[in-house]
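Participant: Now for the letters of each chain:
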Amino acid sequence: MGEVIVITSGKGGVGKTTTSANLGAALASLGKSVVLIDADIGLRNLDVVMGLENRIVYHLVDVVEGYCRLSQALIKDKRFDNLCLLPAAQTKDKTAVTPEQMRQLCKELKVDFDFVLIDSPAGIEQGFKNAIAGADRALIVATPEVSSVRDADRIIGLLEAESMPAPRLIVNRIRPAMVRRGDMMDISDILDILAIELLGVVPDDESIVVSTNRGEPAALAAASRAGQAYRNIARRLLGEDVPFLSLGDNPGLLFRIRRLFGNAR
Amino acid sequence: MTGQGTPDVPSGGPAPSGSPPTMRSPSVEALQWLSTRSGVRIRLPAKGTFPTVLEDLERALGEGSGVRGLAVTIDAAGRELGVPQLREIEVLLLERHGAALLQVVEGQSAAGKVGGLQNGARGARRVSRRTPVSSDPVLDGGVRNGRRALRRPWRDRTAPPPVEDDPVPRPASPAAGRAHSAAAGVSAGLPADAAPTLLLRRTLRSGQRVRFHGNVVVLGDVNPGAEIVAAGDIVVMGTLRGVAHAGATGSTDAIVAAFRLQPTQIRVGAVIGRAPDGQAPRPDTPEMARLRDGVLVIERYMPPAVD
Ligand SMILES: Nc1ncnc2c1ncn2[C@@H]1O[C@H](COP(=O)(O)OP(=O)(O)O)[C@@H](O)[C@H]1O
Ligand SMILES: [Mg+2]
Numbered sequence: 001m002g003e004v005i006v007i008t009s010g011k012g013g014v015g016k017t018t019t020s021a022n023l024g025a026a027l028a029s030l031g032k033s034v035v036l037i038d039a040d041i042g043l044r045n046l047d048v049v050m051g052l053e054n055r056i057v058y059h060l061v062d063v064v065e066g067y068c069r070l071s072q073a074l075i076k077d078k079r080f081d082n083l084c085l086l087p088a089a090q091t092k093d094k095t096a097v098t099p100e101q102m103r104q105l106c107k108e109l110k111v112d113f114d115f116v117l118i119d120s121p122a123g124i125e126q127g128f129k130n131a132i133a134g135a136d137r138a139l140i141v142a143t144p145e146v147s148s149v150r151d152a153d154r155i156i157g158l159l160e161a162e163s164m165p166a167p168r169l170i171v172n173r174i175r176p177a178m179v180r181r182g183d184m185m186d187i188s189d190i191l192d193i194l195a196i197e198l199l200g201v202v203p204d205d206e207s208i209v210v211s212t213n214r215g216e217p218a219a220l221a222a223a224s225r226a227g228q229a230y231r232n233i234a235r236r237l238l239g240e241d242v243p244f245l246s247l248g249d250n251p252g253l254l255f256r257i258r259r260l261f262g263n264a265r
Numbered sequence: 001m002t003g004q005g006t007p008d009v010p011s012g013g014p015a016p017s018g019s020p021p022t023m024r025s026p027s028v029e030a031l032q033w034l035s036t037r038s039g040v041r042i043r044l045p046a047k048g049t050f051p052t053v054l055e056d057l058e059r060a061l062g063e064g065s066g067v068r069g070l071a072v073t074i075d076a077a078g079r080e081l082g083v084p085q086l087r088e089i090e091v092l093l094l095e096r097h098g099a100a101l102l103q104v105v106e107g108q109s110a111a112g113k114v115g116g117l118q119n120g121a122r123g124a125r126r127v128s129r130r131t132p133v134s135s136d137p138v139l140d141g142g143v144r145n146g147r148r149a150l151r152r153p154w155r156d157r158t159a160p161p162p163v164e165d166d167p168v169p170r171p172a173s174p175a176a177g178r179a180h181s182a183a184a185g186v187s188a189g190l191p192a193d194a195a196p197t198l199l200l201r202r203t204l205r206s207g208q209r210v211r212f213h214g215n216v217v218v219l220g221d222v223n224p225g226a227e228i229v230a231a232g233d234i235v236v237m238g239t240l241r242g243v244a245h246a247g248a249t250g251s252t253d254a255i256v257a258a259f260r261l262q263p264t265q266i267r268v269g270a271v272i273g274r275a276p277d278g279q280a281p282r283p284d285t286p287e288m289a290r291l292r293d294g295v296l297v298i299e300r301y302m303p304p305a306v307d
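Residue numbers (this note's numbering), protein chains in the order written: chain A, 1 to 265; chain B, 1 to 307.
Everything labelled a hint here was simulated from the structure, so no lab data went into it.
Careful, some of the hints might be misleading.
Said to hold, decoys possible - Some chain A residues judged to face chain B by a derived CB distance under 8 Å, without partners named:
hint	residue
1	107
2	111
3	156
4	161
5	207
To be verified - Computed far set for chain A versus chain B, every beta-carbon distance over 12 Å:
hint	residue
6	32
7	54
8	90
9	213
10	244
11	245
Note that the structure is predicted; figures quoted are calculated from it, not measured.
Every residue, glycine too, gets a C-beta built ideally from N, C-alpha and C.
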């Protein structure tokens, strides 16, 4: 039986879709069978980031409304046989799906896949509730900005009321030079407030933009720093003890993250 | 298309309008009592008028293993609750059961394990307040107390009197007589150690809000965007970054103390102090805020002398 993981944040544009695509690709490259669900109904873009847009025939809403079988809507990735995408509907809105239907869908998918990754929409409304309904655990994505951390905190508070283990944190778009200058929140500031386990830190990296436009997840590009960070996160998800990336030329950061990692409540 | 206020019902397509839903599972009908990682979550029945829901809630609270001293999350199960209805729930929790309403979620949650409270039910505890504090008043802009200069030019302003339509709920029933008189004591300026105390063993996160008619002690942090309103004192055994309002029913001798006091805003009685604009100061020692001659001052917390 596989595990259903929702990737969520509260705030939009912080990297949920990027993280879903890259974790999916990284886990698949490590031999795991993975299905990605785009739960951002009405604003789908996980298919674009994965470069699979031209293969879509059916989507999530077709499945829950019974217009097609689940297996018909799953799109096989062009790089890995063990990676699939269940795309969102572009034309419907979030109320087209209920939490109960999402729960059922996740239950079916985790029989066949090691990982079911759900890309959550922004916000705390219906779309968010759908995205978390069938999840066994959650990953929170936050950028080093006060508003992003605030929203992440709100989400963590809401998830605490669910029957799932404490979520883990991915800090995205960190810029070591800015942190050093004191112009950006550093990891310890964020962990101080959120007080959850840190799963990974992804640098702000042009290769993400390039790979997003090409539909090739950066996690598959050996030279990409952000890709390396996602590969490490995937291995940590599998229970490996992978040291944190030393970001740029800042040896201090590695040490600091390690220390905080141990202290995170 | 079902409206926002109606519960989600599993449906295989558009149902004939006006016909009663038939595929409802029993779990949607009944009130559910879930024990979560951080406390208690009560899911209201999705059907029924509000008075019957309130009755169900009252019955469940009476039968349950007790929520005294706990922060309760209410799952409205898709129902839209108005402010007066929320207040009724809040008063019921406080008045009869000594629990605080932490947050209301409108989601549909998986039916979790029904069982004992993970936090354990805790009775209201008394904290005595015999803490000697040094007592230099705050100087405008260059705040200092007996030992060292404080970093904070706290901006004071007098708040409007406690808002009438948003009062801290107070016990009114004879059943809660003792707590009632204690709460009255707080507003009358009697010692805070006569008031009931709510002990919260958790961190309050953004969007969570606790109101209590006595003192509130938090074993955890109060994050930015979270808020505590108490008729008595507020003590945070962690970092207070959110908003704390002590003496909310008018008591001017209430205090706000924290292991690390970095609040967005503190209110004591009718006085509001806010953090200075720009970089928040980071104290490295426990502190407390109180009124001295009507001015909000922040002082280093001094442990009681041993005699
Ligand atoms: N680590 C990163 N470095 C650079 N750009 C990034 C990074 N992560 C995300 N982005 C960019 O930020 C934008 C929003 O990311 P996206 O994953 O779509 O966010 P969300 O799904 O949370 O709304 C995209 O244009 C994406 O390419
Ligand atoms: Mg997205």
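Participant: Now tell me, hint by hint, if it's right for this structure.
Facilitator: Structure-based check of all given hints:
1. 107: Violated. Min distance 10 Å.
2. 111: violated, 17 Å
3. 156: Check passed: Cβ of residue 156 of chain A comes within 6 Å of chain B, closer than 8 Å.
4. 161: Residue 161 of chain A check passes; min Cβ-Cβ to chain B is 4 Å, inside 8 Å.
5. 207: violated, 32 Å
6. 32: Per Cβ check, residue 32 of chain A is outside 12 Å of chain B; nearest 24 Å; holds.
7. 54: holds, 29 Å
8. 90: Its Cβ never comes within 12 Å of chain B, the nearest being 18 Å, so this holds.
9. 213: Correct as stated: the minimum Cβ-Cβ distance to chain B is 34 Å, above 12 Å.
10. 244: holds, 24 Å
11. 245: The claim holds: residue 245 of chain A sits with its nearest Cβ about 27 Å from chain B, beyond 12 Å.
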